[in-house]
Amino acid sequence: MHLPEHIDFRANVQSVAPHIPRSVRQATTRFLGTRQAVVDVLGNERWQALRQAGHAIRLHTLNYLDDYLTRLEEQVVAAGGIVHWARDAAEARRIVLDVMRARGVRRAVKAKSMATEEIGLNHALQENGISVLETDLGEFIIQLAGVGPSHIIVPAVHLTKEDIADLFTRKLGVSAPADPLQLCAIARTRLREEFLAADVGISGANFMVAETGTLVIVTNEGNGRMCTTLPPLHIAVVGIDKVVPDLNALNVLLKLLPRSATGQKMSAYTSFITGPRRTPQEGGPQELHLVLLDNGRTRILSDPLLRQTLLCIRCGVCLNVCPVYNHVGGHAYGFVYSGPIGAMLSTQLLGVRAAAALPFASSLCGACAEYCPVQIPIPEILLRLRRRVVEGDHSENAVAPLTLRASARVGALALRLPWLYAIGTQILAFLQKPWQREGWLTRLPPPLQRWTMVRPLPAFGANFRAWFRHRANVTK
Amino acid sequence: MNSREQILSDIRTALQRDPQSPRQPLPASARVAARVPGDASAEMQMLFNEITRLGGVAQHVPADELTRALEQLVQQQQIRRATCWNTPELAALNLPARLTQLGVQLVSPHADPRALAECDLGVTGVDWALPETGTLVLCSSADKPRAVSLLPRVHLAFISPSALRADLDSVLDEVKGERYGVFITGPSRTADIELTVTIGVHGPKALYVWSIVK
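Here the protein sequences come in this chain order: A and B.
Per the working numbering, residue 1 is the first one in the first sequence, and the count goes up by one each step.
Per the working numbering, residue 1001 is the first one in the second sequence, and the count goes up by one each step.
Note that these hints are calculated values from the structure, not bench results.
Note that beta-carbon positions come from the ideal geometry of N, C-alpha and C, so glycine has one too.
Do not rely on the hints blindly, as some may be mistaken.
A short list of chain B residues far from chain A (calculated; beta carbon distances all over 12 Å) [stated by the list, open to error]:
1) D1039
2) E1043
3) H1060
4) Q1078
5) T1100
6) L1102
7) L1106
8) S1160
9) S1162
10) W1210
11) S1211
12) K1214
Pairwise CB distance ranges (calculated) [said to hold, decoys possible]:
13) B:A1040 with A:A197: 44 to 50 Å
14) B:S1108 with A:N44: 49 to 55 Å
15) A:Q52 with B:R1098: 47 to 53 Å
16) A:A17 with B:R1098: 56 to 62 Å
17) A:G80 with B:N1049: 36 to 42 Å
18) A:S363 with B:Q1076: 51 to 57 Å
19) B:A1040 with A:Q52: 30 to 36 Å
20) A:I82 with B:E1178: 19 to 25 Å
21) A:I82 with B:R1098: 40 to 46 Å
Let the sequences and hints guide you as you build the complete structure.
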């Protein structure tokens, strides 16, 4: 995926096929149901204590991020791993390519990772003649289909089993029945060969433990284990925000993540990887590289409120509860991160120039904040980002059109000065006359037509004071 | 300034943090109470229930019926080739001899991954287990290769009651000294196609957990 230069959320929403939100809603409903069941087993009191602890741990780590990162580096190196630092996507891609070139890598297998999607790694590798295969079943399917993910946990949820069978038949040259079990078996056989033949396994990490230099990877299918066990070389690309202080802190986060994401008490496989293998007999990669990715994250740290965006552990529960996401699905958000976390993160990673529409892609209902396992104040962050879009702040200039900013200012002024408000209502009542049809404004000139092309606007009545006076006279 | 220095300096600037100022310990609110365990047999039962719920098969096997249980497994799952961890605990159960007796070909756990991938059965021990979540923790060493619980179609894990721990927290304390560990919770699974839960994707398709009763 190329880094988008401009995300037009409205246009994207218009082009979403109607079946996508339908299948997305099935997924989100399922996940919310299973999540509630495992939270109930723990009891609400224990769950809330975990959320509070999760918040405290993540915030503490961010507040000492430089310290924890250097400690992590020390420990990874002590365990025999090699650590690289990448300021941006281009540098991260170059580091990965250099490591691979030096070892003559030609075939790569990949476990699901948002960070590598964020830097557009697959594209860069393919351009340089290295074949790269996504091995998470959902990612494998959408890679074959050549589309982006519609949900963070189940990326191919918008495709039916018939679609997938058709895709397998066309792209893999096998006769594939429309049956999940058999489709799974086809992918297993096909990918097994790839795991055994690959020169490198690429992964992200859900957490990095500073105390021990351990990468923690949470998966269900076993593809993450394959990618990090079988090839002789393992490269992990991980955002600098994924560090946690120690294993006791990890305890809390590992209890929050699978429960919030898929409603599992634990995912099928949670791998703890500390450096490369010690002996050839135990198996595992001979070489481990960790690429620590900044790519705009340090910039997010500078504001204490916005900093909390980086508390995120990528469980995706905010997508599941979001009424906006449930109506549009993941593609509309135009980047790897979708839903409320996408609205917060994309806007800050890509800048408001590219993603000005995303902070507005929310009703601010606050369900996401109630469910968030690390208590990110999502609506407040979105409000702050809306302000950045419209007014600009210390980090970026405003990008809203001058007309919008000017009318917002006039509106604010009118609400402050009663006399101006009174005059304004009379002027508006007069100005609307040419477009008024029986109490409705059905077609307004630009830029107001953006409202009326979707629905009519009620005509301005007399102003409220006049109406109230009149009403008082009538009742007397 | 190289990228490492640049990133660290950007972080310190953003946080307005003096690198010389000491780091505070984690706040008290970051601690949660550990789970209180029940008695040993209740804990084992809870582990078994969870594994069963996840689609695994968990059972107590009397020591003198081990061969019969193995025979059943070999028939049910059509096991022709097997590989096994090289630990004293499993050696004491005399597993290689028992399997060979049943006509199963034994493959060295140090064999090439391709050979291990052809195995129908991988036999391991369990370092620790978590009853609350149905989780088995397996570490690795020369005698406990990682691929034995990953590549074969069926995974059979022998667990002893002494492996049970009440809470993830205490397992993590013990895992601290290890270089590699995998927490296994049920057989491999996916819901990626139409949300249909499908058991057996890339990892094992079946998980058996046996506790030997003397």
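Which numbered hints fail: none
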